[in-house]
Structures are given as C-alpha cells and as structure tokens.
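Colleague: Once you've looked at the hints, dock chain B against the given chain A.
Number of protein chains: 2
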Amino acid sequence: MTVREGIHQRRSIRRYADRPVEEEQIDLLLEAAMAAPSACDCRPWEFIVVRDPARLAALAGISPYSQMAAHCSVAIVPCAVPERQAICPGFFPQDCGAMIQNIWLQATELGLGMVWCGIHPIKELEERMAGLLETPEGVVPFALLCIGYPAEQPAPRNRFEQDRIHREQW
Amino acid sequence: MTVREGIHQRRSIRRYADRPVEEEQIDLLLEAAMAAPSACDCRPWEFIVVRDPARLAALAGISPYSQMAAHCSVAIVPCAVPERQAICPGFFPQDCGAMIQNIWLQATELGLGMVWCGIHPIKELEERMAGLLETPEGVVPFALLCIGYPAEQPAPRNRFEQDRIHREQW
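As you go down the protein sequences, you meet chains A and B in turn. Under our numbering, think of the first position of the first sequence as 28, with each following residue one higher. Under our numbering, think of the first position of the second sequence as 28, with each following residue one higher.
Simulated from the structure, these hints should not be mistaken for laboratory data. Check the hints yourself; a few may be wrong.
Restraint ranges, calculated between C-beta atoms of paired labels, are given here [as the list claims (entries may be wrong)]:
1. B/Gly165 / A/Gln180: 36 to 46 Å
2. A/Tyr92 / B/Glu50: 34 to 44 Å
3. A/Glu154 / B/Pro91: 31 to 41 Å
4. A/Arg78 / B/Glu50: 43 to 53 Å
5. A/Ala178 / B/Glu154: 45 to 55 Å
6. B/Glu154 / A/Arg78: 40 to 50 Å
7. B/Glu151 / A/Ala84: 43 to 53 Å
8. A/Arg78 / B/Glu188: 15 to 25 Å
9. A/Glu188 / B/Arg78: 17 to 27 Å
10. A/Gln196 / B/Pro91: 17 to 27 Å
Backbone N, C-alpha and C define an ideal beta-carbon position, used for all residues, glycine too.
One chain only, chain A, in its complex shape (with noise of 0.2 Å):
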C-alpha cells in the first residue's frame, strides 16, 4: 500500500472480526508509533497494551463512546509524559497526535481497523484510564485505539475543502 493510498484509506474501524491480532502486528504498530517525531526529539510517550478481556471490557465502560473496546483483539493507550518535555513544554498533545496518526496509518497498511477515542485533555476520562491501567502521577492517559481485523469496510471519505487553502496570506 502506497503511503497516499494509506492516508486516504484511513477509517474509524468501530466493528471487529473475532480473529486475533498477531503479536507481530503490534510490534509494527509500536514500531510506527515512536518513529514519530517530537519536539526537541523529547519523545514525551509510553504505550500500554491490553489485550485481557476483563480489562478491554472495563475500558470499554469509561464513556459511552468506547464501548467498542469490549469487542476489540487489542487496545493500545498512548500516555504522555509533560514533564518530559521541560525544554520545550507544551507540545506533548501535537506530537502525541502525530505519533497515533503514525499508528493509524501502519494499522491501515497491515489490513487492520481501529478508532481513536479521545482521552486528553477530558479530565474525567484520564482519571478513569489511570485508575484502571494504575499509570503513576505524571503520566496522562492519552487516548484509547480499539484494533482488531475489521468486520466492516467503510468506502473511503473526502474530506478535501478547497476554501480552506489561502495563498501568501489570510
């Protein structure tokens, strides 16, 4: 798959085939992720994988919008680490979103689905996630990708928007 037919392919993948995710799947995926970059290189991520059904399901139940983590092969939660980025503070949720963009794209390219639900900057919802996956202070459950191989396929969308471009100026 060709890295533009990977950005346009790209969709929020909410239904799951019951076959499991391969463990070398999640590698690449991991792989994609800290390939990223980041400013100053800080690098301000950590991964949590949970792929115990007790647990999906109860990650599933932190908001009305995840509950497709009880039926998803594996989740992947993305953390952030602000303090790690003292050089250059405050850009943790931009190179955060890069570097899930990173894994969404690599998912897509290896035939899997996956959504992204938000956790950051919901406050309710990052304490939920540090309750279940017990993250130390400091660390900021990011967001919750639910993967799994897909059980729909969705035709690609257009979201181009010619007004949106500007030239040399507003």
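Modeller: For chain B alone, coordinates are given in the frame of chain A:
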C-alpha cells in the same frame, strides 16, 4: 513507497535544492492534510501556502529555529480554528498533529524534504506569524512547514525503545 517505509524514512530536512516544488505536489500535500482525522470530525484547520521569497524570508525571521524558511520552495502554515470544536473543545492540537504528520509522510513519498517548526503553543511566535500572514482573531498559526526538494539525505533513525511498552497495566 509503502506506508511503513514512509513512516520510517521520514526525517527533518533543512537544506533544499534549487528546484521549485510543483503546484501539483503541493495539491497532494494539502489533500493528505485534509484526509486526517479530527475529534468529532470538526476539521479545525485552514492552510496558508507561501511561495513569495520576500514573505518566506520574513517567516524565516520569526525565530532562530525557522531560518530554513528563507531557502525552501514553499511553506505551508497550518492554522487552527479552535472555535470550530465547540462540541469537543481542546482537541485541536492533537488533531493538527495528526494532520501535519499526514503532510510529512506524503511529502516523504513524493521525494520532498520537510521540517516542522513548532509555533503553537508559544504565544510570541503565534503573534509574529499572525502579523506576517494577517490571520484574523480566532485563527491560530499552528506550525511552519518548510518544504523543498532535499539537498541532504540523512539516514533513517531508529527511535524504538522497548522499555516504553507496558503490558495490561503500567
């Protein structure tokens, strides 16, 4: 180029050849940008494409870390519009991170070099960019992306760190 190759070959390129980037390539970069995910599909972004050498030189002057803007063929300045996210506030930085990563990976596939200069959340840089690009109130110049055909070919980096990975919980 496969998705995986794009993800792992991407590097910051700060020296550019004396060859203009074709408008068709810029179109592909903007298409990639707008194919990115965003919280609640709010698409909280706009784009300013800068090619005028005098304006590129002015952008280069906003910080000691943006000097390569004077020598690139084209700069793309993604801007955030936080008020478009009224239904899910606060997600625009991570959305813009994913969007910029799409641009960077597409640039890599096209054989273009790029560097991502952070602007938001540094208020002083946001204000200098806003002044130069005449952005209205409520629009946040988010980053400065300098793009050109590369005049350097740094080797891929390996940023993988096994100890960043936790299983089931922290």
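Colleague: Is it true that the C-beta distance of B/Gly165 to A/Gln180 lies inside 36 to 46 Å, as the hint says?
Modeller: holds, 38 Å
Colleague: For the range 43 to 53 Å, tell me whether the beta carbons of A/Arg78 and B/Glu50 fit it or not.
Modeller: holds, 47 Å
Colleague: Taking the Cβ atom of A/Tyr92 and the Cβ atom of B/Glu50, is their distance within the range 34 to 44 Å?
Modeller: This hint holds: roughly 40 Å between Cβ atoms.
Colleague: That 17 to 27 Å hint for A/Glu188 and B/Arg78 (C-beta), does it hold up?
Modeller: For A/Glu188 and B/Arg78 the Cβ distance comes to about 21 Å; the hint holds.
Colleague: Honestly, do A/Ala178 and B/Glu154 meet the 45 to 55 Å range at C-beta?
Modeller: holds, 49 Å
Colleague: Do the beta carbons of A/Arg78 and B/Glu188 sit within 15 to 25 Å of each other?
Modeller: holds, 21 Å
Colleague: Cβ-Cβ distance between B/Glu151 and A/Ala84: within 43 to 53 Å?
Modeller: Since the Cβ atoms of B/Glu151 and A/Ala84 sit about 47 Å apart, the hinted range of 43 to 53 Å holds.
Colleague: Taking the beta carbons of A/Gln196 and B/Pro91, is their distance inside 17 to 27 Å?
Modeller: For B/Pro91 against A/Gln196, whose Cβ atoms are near 24 Å apart, the range 17 to 27 Å holds.
Colleague: Lying within 31 to 41 Å: is that true of the beta-carbon distance A/Glu154 to B/Pro91?
Modeller: holds, 39 Å
Colleague: Could one say that the CB atoms of B/Glu154 and A/Arg78 fall in the range 40 to 50 Å?
Modeller: holds, 47 Å
The structure meets every hint from the earlier list without exception.
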